[in-house]
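*Asks:* Mapping the sequence shown onto UniProt numbering, position 948 (from 1) lands on 948, and the numbers just tick up by one.
Treat the hints as calculated values from the structure; they're not laboratory data.
Heads up, a few of these hints could be off.
Heads up, simulated DSS-like pairs for lysine-lysine below, C-alpha to C-alpha not over 30 Å straight-line [claimed, not checked]: (1) 742 / 809; (2) 1087 / 1144; (3) 423 / 110; (4) 668 / 423; (5) 663 / 713; (6) 713 / 816; (7) 172 / 602; (8) 917 / 805; (9) 882 / 809; (10) 924 / 905; (11) 663 / 805; (12) 172 / 713; (13) 1087 / 816; (14) 924 / 1105; (15) 970 / 988.
Pairwise CB distance ranges (calculated) [to be verified]: (16) 1013 / 644: 29 to 35 Å; (17) 865 / 59: 44 to 50 Å; (18) 178 / 775: 53 to 59 Å; (19) 608 / 137: 37 to 43 Å; (20) 974 / 775: 32 to 38 Å; (21) 1013 / 775: 28 to 34 Å; (22) 280 / 322: 26 to 32 Å; (23) 1114 / 862: 37 to 43 Å; (24) 599 / 884: 53 to 59 Å; (25) 416 / 369: 26 to 32 Å; (26) 612 / 551: 27 to 33 Å; (27) 243 / 477: 43 to 49 Å; (28) 130 / 865: 47 to 53 Å; (29) 865 / 476: 55 to 61 Å.
Every residue gets a Cβ at the ideal spot worked out from N, C-alpha and C, and that includes glycine.
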Amino acid sequence: MAFVPPTAVSPPQGLLDFPSMEEAILRYWDEIRAFETQLQLTRGLPRYNFFDGPPFATGLPHYGHMLAGTIKDVVCRYQAMNGRYVERRFGWDCHGLPVEYEIDQLLGVKSPADVVERIGIARYNRECRGIVMRYSREWQTVVRRSGRWVDFANDYKTMNLLFMESVWWVFKQLFDQGLVYEGTKVMPYSTACATPLSNFEANLNYKDVQDPTCIVSFPVIIPLDNHENGGSLDVNVTPERIRMWQERVAVHGDVRLVAWTTTPWTLPSNLGLCVNPDLTYLLCTAEAGKDPAYFVAEPLVSTLFPPENVEGGKASKQKRPTHIVLDSFKGSELAGLRYEPLFSYFSDGYAKTHACWKVVADDYVTADSGVGIVHLAPFFGEDDYRVGINNSIVKKDGEHVCPIDESGHYYPVVTDFSGMYVKDADKHILRNLKERGRLVSQSTCTHSYPFCWRSETPLIYRAVPSWFVRVEAIKKEIIACNAQATWVPKVIQDKRFHNWLENARDWSISRNRFWGCPIPVWVSADRTQVVVIGSIQELSERAGLSLTKISDIHRDNLDHITIPDPRGEEYPPLRRIEPVFDCWFESGSMPYAQKHYPFNAKYKIWGLERFQQEFPADFVAEGLDQTRGWFYTLLIISTALFKRPPAMNCIVNGLVLASDGQKMSKRKRNYPPVEEVISRYGADAMRLYLINSPAVHAQDLRFREEGVRDIVKDLFVPWYNSFCFLAQQVIRYEGVTGRPFKTFQLHHELPLFEAELQRRVGNVLDMWILAELEHLTGVVRREMEGYRLYTVLPDLVNFINDLTKWYIKLNRDALKGDEGDEAALLSLNVLSYVLLCLCRLMAPYTPFLCDWLYLQLRPLLTLDGIMEEQRFSSIHFWTVPKYDTPIFRFSQEPRIREKVDAMKKVLTLARMVRRDKCNVASFKMPLSHLIIAHDDPSLLHEVESLATYIQADLNVVDLEFRVGAEGLAKLNVIPDFMAIREVYRGDKEKLRDVINASKEFCANFANRMECVQELRQIGSCTYEGIVITSDFCKVVLEPIEHPGQASATDANGFLCVFDTVITHDLQVRATERALFSLTQKLRRAAKLVLTDEADVYVHTVREGKELLTDMVASLKARVNGTIAVGVPPRTPDAMLSLDMDLLKCEASILQRASLNM
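Generate the whole structure from the sequences, applying the supplied hints.
*Replies:* In structure tokens, the structure reads:
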């Protein structure tokens, strides 16, 4: 059913169903093509460039996506309403592990060989393509329902030909700059996905796990000379050192080195042991004269020989050692020793050409844990590999000892464990070592370990050939580019991200996979000829193919294409290398690839200058985890290509967790589904809940559905009620005056309405709410320009509270016409203007409710074409309010904001006293007298000028204003030792002096009243040479209790004292007020609207008829219809009773139509 905007104002009936209203507005947006219309209306305005990071469509959107999407939508909507043209293209990440892993499970792929030999790359990629956009429709539905405006029709996909061509171009630019190389490095590796991961990917998913640990022994062999296999000489081995080892080591018989590890599966690949050159190592044995003797780091000897408790002693203090020290050595003195290998798998091959199974020294070994000796498996550890290179155990670009396949299973060379998965082999390896007497001890430990972010399987580290970007070579430029941007919160930029950049390593960009953008490198069989392709045109020319034959450049359509060898026809053609790009390289290239730069026709015509109008982005936003993902790859590529940051402004949001602080889990069902929450409370409520949470400044949010509900209850309902009140009073005004209500002349660009209000308004509360609106507009603009969304919302929320709970409540008489038609006209104009501007300010945050409210207000607005022209058909086509010069400054009330703020403080305090201390049932019972006291005469005078509002709100007969609180309250000074300790925590002497002075001052303040007054007025004073601040000693007013009074003070220095004696006159006033309230309840019970006329009949049930007659006479002018003493002539439409001390009566109501029948 289509939503039809009203053409006349009418008060809505009942509470608004917010989710249903949003669905209606969605249909309206579709009908008027709202997003497209906004783009059309702003085309030609200055560009605002936004880059949207591409999600995978293989999973459904969750609260994290909703949070990031809301941040993006709020900023883009704000800029579009602020005179900017904002394109918003959605994007999809189509390649990479998330897609391939699912297909591996579907097709039973165990290794890359399965794809090549059993399935075929063409079928495999076809299957991948088939699921890439599986949930795209659900994504569009949820994103649309959340209120986000983004272009799905013109989206970009990383698997599209034109996108992939630009990725090739990016790669070639890096290659031509010498920033790309092929090498072998130890990298995080996913055995489940059979591919290496980059270091930042490995940091995405750490878990606490329990792994086996063991201490293994290595019998020492003393070398005869310094010659090593492979032809190298060991500089650590000298005749003097050989002699020392023979005299101090060999004499002890069976001497062994020991090493501790948490990865027993790497022991078959052990090629060396490493000590710290500066640590002291003890040669110990369990008992004198008993073999074997072990080398162990002195600080860690208890790991190998745990001390025993002394019998009868305290276990925690009295221990005796269980080892005997035979000798001690510096780590550097052990370097050069040889040892018997654990396994002999590589003795006949690798070991004959490399310096294996020796002790080396490096300071990466620490005494934090283990035994101070590290076992080296150079092809399974980054430090192991580096140390191996430095000590001839490994030759750079030489043969590898990496006896596992792509899926983490041992090759046949490891005969004892052939075919076993490495993690499954741990227990078998430990059993083998135990049987051979090489296992000293075994246990388990819990530690943090990286898991594959896609398959949720533990990663291993292994040496793999890969293509790298030289990040370390441009690290300074990357850090400098990062400093050019503005991050919110800034601490993420300066700390977390900066530290990550400082420690950045070369980036592995190749993956041994199939469904991805192929790396455009063709090489000769002898690897001497390398051709890098940067475009499809270049490939066409190099390969001698027609452009029409290159419609897809995925592996199944590309790998067969060859390029002639530049050396001549006698050489075989060049073939493409097998790897594809890491999908992070593709998403990091999106600023260029989404626009098909530099191949798009507009760039060919206008060149780099045209592109620089669209780059860098003005704004990007993603989650905290992307500091090591998308933000990082964007920055590397943009720095390398253009020496610019990818975006000038960046908002980083935190994680959305379940209410118990755990990660949201479908399996645990520890969170409500996104769609259910939206269907219950609406998308606006969820948007405001998320955007007003700690997650917007990169902290974690524990999602609570109650928080979304409270947004509706505490904010939206009062805001909606304020419009309902306006609509009712407009109808009342038109009924009373006989004139249609229209606002003063409005203009979408010129401040005509504002000027008229400034000229004509004289009501204090009207002036105040307009001044507050102007102040709020300045705050919103300042903070939004700084991308500090989390500082904007509190002010917007406070303003809505000011509007609904203060302005409308206190200004009700003027709005309802009780102060005359002219006053009503002015106040209704003010309220209309404020609600319109509030919708314009809040529209980026709550787009549904603001548009709905605007469409209800639109018939009241005096503006040419308001009901016909396209540009006025939605609030989102208006601009955010802006006051270039102060407009709402009123000469008669220059301090209106401060003045009303003081009144609000008084009323807040007085309401609390009346409610909690006056012993009256409700505010309907008037009280006779209220004293308001303060030390500042000028402030008190300003509050006194608002006495009528205070009297009406508090239902009090007389007000008295006093300077000072003599006889009503007394001063007291209370020390705050916690605050003092917080300031002087590092200075014990100063802390003692300040605490003592504060104690003495607070105990004797009555004798130093001049100091007390200084403390109250300027916030500090000096006492006995010590500066005491109001944070250290708090001056408080304590009311003096008197019979028949109730009083209290606040932190602002106000004192309120009520006379609580209830007189007969007060009871009469209360009864009359209750009777009028009863007539209003009767109208609601009879389901009457404001304009319905009715007759009320009241008769007493007991004595009090004379009192009732007087009250009815005073109420006649306040009811819409008549009120009389008596019984109704026929059955009433509703009947209620009133039972009070002075009067018990029954009241009935009859609609006029009933009487005329």
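*Asks:* Can you confirm whether the C-alpha distance between residue 423 and residue 110 stays at or below 30 Å?
*Replies:* With a Cα-Cα distance of about 16 Å, the restraint between residue 423 and residue 110 holds, given a limit of 30 Å.
*Asks:* Just to be sure I understand the hint, the distance between the Cβ atoms of residue 1013 and residue 644 should be within 29 to 35 Å; is that true here?
*Replies:* 59 Å, violated
*Asks:* Take the C-alpha atoms of residue 172 and residue 713, compute the straight-line distance between them, and say whether it is at most 30 Å.
*Replies:* Distance of about 57 Å is beyond 30 Å: violated.
*Asks:* Decide if the proposed pair is consistent with the structure: residue 1087 and residue 1144, CA atoms, cutoff 30 Å inclusive.
*Replies:* 25 Å, holds
*Asks:* Is the Cα-Cα distance between residue 924 and residue 905 30 Å or less?
*Replies:* Holds, at roughly 22 Å.
*Asks:* Take a quick look at whether residue 882 and residue 809 sit within 30 Å of each other, Cα to Cα.
*Replies:* Holds, at about 27 Å.
*Asks:* Are residue 416 and residue 369 spaced within 26 to 32 Å by their CB atoms?
*Replies:* 28 Å Cβ-Cβ, so the 26 to 32 Å window holds.
*Asks:* Indicate whether the distance between the beta carbons of residue 1013 and residue 775 respects the range 28 to 34 Å.
*Replies:* 32 Å, holds
*Asks:* Measure nothing beyond the straight line between the CA atoms of residue 1087 and residue 816; if it is 30 Å or shorter, mark the hint as holding.
*Replies:* Holds, because 20 Å separates the two Cα atoms, which is no more than 30 Å.
*Asks:* Honestly, do residue 243 and residue 477 meet the 43 to 49 Å range at C-beta?
*Replies:* 54 Å, violated
*Asks:* Can the restraint linking residue 924 and residue 1105 be considered satisfied, given a maximum Cα separation of 30 Å?
*Replies:* 21 Å, holds
*Asks:* Take the C-alpha atoms of residue 917 and residue 805, compute the straight-line distance between them, and say whether it is at most 30 Å.
*Replies:* 22 Å, holds
Hint violations for this structure: numbers 11, 12, 15, 16, 22, 24 and 27, all remaining hints satisfied.
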